[in-house]
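**Q** Letter by letter, the chains look like this.
2 protein chains.
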Amino acid sequence: MTPIAPGATIGILGGGQLGRMLSQAAANLGYRCHIYCPEAEPPAGQVAAGVTTAAYEDAAALDAFAAAVDVVTYEFENVPARAVERLAGHRPVHPNAGALAVAQDRLVEKRFARDIGAGTAPFAPIDSPADLAEAIAGIGLPAVLKTRRFGYDGKGQVLLRQAEAGEAAWRQLGASPAILEGFVDFAMEISVIAARGSDGAIAAYPPIENRHVDHILDRSLVPAPIPPALADQATEVAGRMLEALDYVGVLAVELFVVGDAVWVNEIAPRVHNSGHWSIEGAETSQFEQHIRAICGLPLGSTALRGQAEMHNLIGDAASRWPELLREPGAHLHLYGKSEIRPGRKMGHVTYVRPPADGDG
Amino acid sequence: MTPIAPGATIGILGGGQLGRMLSQAAANLGYRCHIYCPEAEPPAGQVAAGVTTAAYEDAAALDAFAAAVDVVTYEFENVPARAVERLAGHRPVHPNAGALAVAQDRLVEKRFARDIGAGTAPFAPIDSPADLAEAIAGIGLPAVLKTRRFGYDGKGQVLLRQAEAGEAAWRQLGASPAILEGFVDFAMEISVIAARGSDGAIAAYPPIENRHVDHILDRSLVPAPIPPALADQATEVAGRMLEALDYVGVLAVELFVVGDAVWVNEIAPRVHNSGHWSIEGAETSQFEQHIRAICGLPLGSTALRGQAEMHNLIGDAASRWPELLREPGAHLHLYGKSEIRPGRKMGHVTYVRPPADGDG
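If you read the protein sequences in the order shown, they are chains A and B. Under my numbering, the first residue of the first sequence is numbered 692, with each subsequent residue one higher. Under my numbering, the first residue of the second sequence is numbered 692, with each subsequent residue one higher.
Here chain A stands alone, though its shape is the one from the complex:
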């Protein structure tokens, strides 16, 4: 692939904080960014050269967007597949539509993980109350019933403890195609952020420990305190996925540590909240890495600058900014969202402890 040279314009579907940090990283390398999203005044638009405000179903707006950019990427996996297909008729789109399709459907995702030889929780497709009863009998309880599509941050899922509550749970989720997953009594949640370049090169950051509160990521710590064999196993899973998907860009793989194995929970075909620490904590941030990959540039070093820790600022926590600015070593990031809402990701703060501190 001929590189897309600095000066070119990168089109980004979605205008949230991920698009914002992608735009900032792209600007460091001399690229312009053009944001496409239906919402007015997207946070990413504040740092981008261009913004299109239009629906993902607006064919004319999509075509005009494609004409205005040199390459297309996206910041969230629920972008409609038809929009991506339309854009791909005009311009390269990374990651590709196949990767997006896998990430958009929890059943396809789990089957994909199994197919590349990765462990997962036991799972079964659910299209009816009868399916559910059968799956509960096979998998056991507790188990988690999840919609196949459009779930995030714990939305679209219900924990089942009793078989008789199953049908109500399925109706609560809209009686739509679902998946039942065995409840995983994990020791730790981790993620691997890995990238594949257009030349096939793969580079991964060390696995990250993730701690959630109310199903939303609260803290990420890197490197995750796990044995090297487990870290290798997790990194290999991410690498096999990148190759199987013929992927270009950054991929996030969330996994559970279960005994001496890692099980795939889900994947995100994009930069990921659990990789934000890389802005200060790694030689190359996940955002620059993604830009490098989709523009056909060589991948950058994923070496750590130290032990890093990222705390999300959710809702009111963002009002802690005055104290965070006084704290030495706290690297504050606010996303330019005008309205604070409960559960809304408003910013994050990163701490990096240099390896020279004695325990590197």
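It should be emphasised that the hints constitute simulated quantities derived from the structure, not laboratory data. Misleading hints may appear alongside valid ones.
Copies of the same chain look alike in the list, so a pair counts if it works inside one copy or between any two.
[Unchecked claim] Here are the simulated lysine to any residue pairs, SDA-like style, with alpha carbons at most 20 angstroms apart:
no.	residue 1	residue 2
1	Lys846	Glu880
2	Lys1028	Ile907
3	Lys1028	Gly741
4	Lys846	Gly1006
5	Lys1028	Asp761
6	Lys1028	Ile695
Using the hints, position chain B against chain A.
**A** This is chain B only, laid out in the frame that chain A set:
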């Protein structure tokens, strides 16, 4: 001063790479930026929430700009004083007009340096050929004749080796108010980047060694390899200047190392090319530091992350980007300028060697 809270809009006069990197740093903290400059398609506009394209003499445009922003700063010292005065009638402007006036006139600047007790080359004001003859007799040759105003990157100055060439040199510079400075046989050129907050707190980075080629900064290295006593002397000069000017923001002081003393060469009331390494090389970049100061936030840590080196990419050197992207540890910055011109600053690259490497 009540802090200007994240979410507010920062107005920046000037749309070049300094405004661009200021905008990026401001966005990290959740601010919007609005660029004001006469040139179309400014590099800073690619990463800013708003752009006004208008002359610095356009009163209506200045008033509308003031109404759209919460605080005003600038990225270059040759912004017309009247524009700053007009804006200051509506909104806080940092650094203040007094600091700008000192930096805009080499004679006022040198007298200011002398008044706060700093060393300088011998100098004399030149308003006529007679002044020049007298000054040459007093200061000796070689000496440098400089216009008092609008000089940068070696422009507006002539090296004088023979007294009889003086009048021609003065006419070559437009027969405008000038200054004659004794030629300084320096051991090293250094700079101090220091900031003063609205609370009066001062924070300086360690002195930086600067190497010029054709009067344009080529490389900066930090910490400058000078004895601690000299570093202290240089840092104290910057601190006295910040206090004397009642300054808020980042100030750059360029100095010559002459024997066991430092002499002030010039000051820039803004972020400075010799501080670009701080993006990766310091806990807080000079750009974030300036934003913190002008918004009334506490200053950040100026601690180094290692030994840092910044190489400017001037003109054609920017076409080295493919090789720089392959180089581990090279942090590439390109400024989004569409046209490469000789002598034009197109980007820079920063290397940081961790202190753990053995010689920190």
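**Q** Take the hints in turn and mark each one as holding or not.
**A** These are the hints, each one checked on the structure:
1. With identical chains, the CA atoms of Lys846 and Glu880 are at most 20 angstroms apart within one copy only, with a shortest distance of 18 angstroms there and 59 angstroms across copies.
2. Taking the closest pair of Cα atoms, Lys1028 and Ile907 come within 20 angstroms of each other only inside a single copy of the chain (18 angstroms); across copies the shortest separation is 40 angstroms, beyond that limit.
3. Taking the shortest alpha-carbon separations for Lys1028 and Gly741, both the intra-copy value of 18 angstroms and the inter-copy value of 16 angstroms come in at or below 20 angstroms.
4. Taking the closest pair of Cα atoms, Lys846 and Gly1006 come within 20 angstroms of each other only inside a single copy of the chain (17 angstroms); across copies the shortest separation is 52 angstroms, beyond that limit.
5. In this homomeric assembly, Lys1028 and Asp761 come within 20 angstroms of each other (Cα to Cα) only across copies, at 17 angstroms, whereas the closest approach inside a single copy is 28 angstroms.
6. In the homo-oligomer, the alpha carbons of Lys1028 and Ile695 lie at most 20 angstroms apart only across protomers (16 angstroms), although the nearest pairing inside one protomer, at 31 angstroms, exceeds that limit.
Of the numbered hints given earlier, the model fails none.
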